[in-house]
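Starting from the known structure of chain Z, arrange chain D on it as the hints suggest.
Chain by chain, the residues run as shown.
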Amino acid sequence: DTEVTQTPKHLVMGMTNKKSLKCEQHMGHRAMYWYKQKAKKPPELMFVYSYEKLSINESVPSRFSPECPNSSLLNLHLHALQPEDSALYLCASSHYLRAAEGQYFGPGTRLTVT
Amino acid sequence: GQNIDQPTEMTATEGAIVQINCTYQTSGFNGLFWYQQHAGEAPTFLSYNVLDGLEEKGRFSSFLSRSKGYSYLLLKELQMKDSASYLCAVRGRDDKIIFGKGTRLHILP
Chain Z
1 DTEVTQTPKH LVMGMTNKKS LKCEQHMGHR AMYWYKQKAK KPPELMFVYS
51 YEKLSINESV PSRFSPECPN SSLLNLHLHA LQPEDSALYL CASSHYLRAA
101 EGQYFGPGTR LTVT
Chain D
115 GQNIDQPTEM TATEGAIVQI NCTYQTSGFN GLFWYQQHAG EAPTFLSYNV
165 LDGLEEKGRF SSFLSRSKGY SYLLLKELQM KDSASYLCAV RGRDDKIIFG
215 KGTRLHILP
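Residue numbers (the numbering used here), protein chains in the order written: chain Z, 1 to 114; chain D, 115 to 223.
Just chain Z, same shape as in the assembly:
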């Protein structure tokens, strides 16, 4: 299994809603990442987990809250988002933080905030 899965594929939420994005991998990877990507822009790093501990937080607003319940799962909890948070949210994993083979990306969740 060389796949990173993400659910849901699409999400529409209001500014007062609370929702969660989920990411799963069964490749035994110990580093997992959340990226945000706007149209025609490169992915922007949000969070990195290494061995289930938060390793990097790129000064992301607290309305985004990551969680890594175990080595296979990564969640992103969303609360009180703004319309400008609408984007493609990508999850990725790698064997470890300095892995030489790059990251495996999931298909993404396309989020629209209304």
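Each hint should be verified, as a subset may be incorrect.
[Stated by the list, open to error] Heads up, simulated DMTMM-like pairs for lysine to aspartate or glutamate below, C-alpha to C-alpha not over 25 Å straight-line:
hint, chain 1, residue 1, chain 2, residue 2
1, Z, K38, D, D119
2, D, K210, Z, E24
3, Z, K53, D, D208
4, Z, K36, D, D119
5, Z, K40, D, E123
6, D, K195, D, E123
7, D, K195, Z, E3
8, Z, K19, Z, E67
9, D, K215, Z, D85
10, D, K195, D, E169
11, Z, K40, D, E155
12, Z, K22, Z, E44
13, Z, K41, D, D209
14, D, K215, Z, E44
15, D, K215, Z, E101
16, D, K215, D, E170
17, D, K210, Z, D85
18, Z, K22, Z, E67
Because the hints were derived from the structure by calculation, they are not lab data.
Below, chain D without anything else, positioned relative to chain Z:
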């Protein structure tokens, strides 16, 4: 500051060779990646360079010169399916991976 530069767009012909350049200035260096991203899809990993020189993988090769802060991705025998964005990304001393803005490659028949 951190900066990764690559051309915004390039056009090439099916069957030809194209070279996409990337220059970078980052806080430390722990490797350079190239990714391919088709419109509406997630990036897929193409290559990784951490030492100077050329890495070859089938039709794709990537070169790195750390002293010049320079890399290129070489695509040979271009196919229509190679039309995509190509992203150069650098991992800095703090293990953060920063992506360049990407190069949109158009392949003409």
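Evaluation of the provided hints:
| no. | hint | in the structure |
| --- | --- | --- |
| 1 | Z:K38 x D:D119 | holds (18 Å) |
| 2 | D:K210 x Z:E24 | holds (21 Å) |
| 3 | Z:K53 x D:D208 | holds (16 Å) |
| 4 | Z:K36 x D:D119 | holds (20 Å) |
| 5 | Z:K40 x D:E123 | holds (12 Å) |
| 6 | D:K195 x D:E123 | holds (16 Å) |
| 7 | D:K195 x Z:E3 | holds (22 Å) |
| 8 | Z:K19 x Z:E67 | holds (13 Å) |
| 9 | D:K215 x Z:D85 | holds (19 Å) |
| 10 | D:K195 x D:E169 | holds (22 Å) |
| 11 | Z:K40 x D:E155 | holds (12 Å) |
| 12 | Z:K22 x Z:E44 | holds (18 Å) |
| 13 | Z:K41 x D:D209 | holds (21 Å) |
| 14 | D:K215 x Z:E44 | holds (10 Å) |
| 15 | D:K215 x Z:E101 | holds (21 Å) |
| 16 | D:K215 x D:E170 | holds (24 Å) |
| 17 | D:K210 x Z:D85 | holds (22 Å) |
| 18 | Z:K22 x Z:E67 | holds (10 Å) |
Checked against the numbered hints given earlier, this structure breaks none of them.
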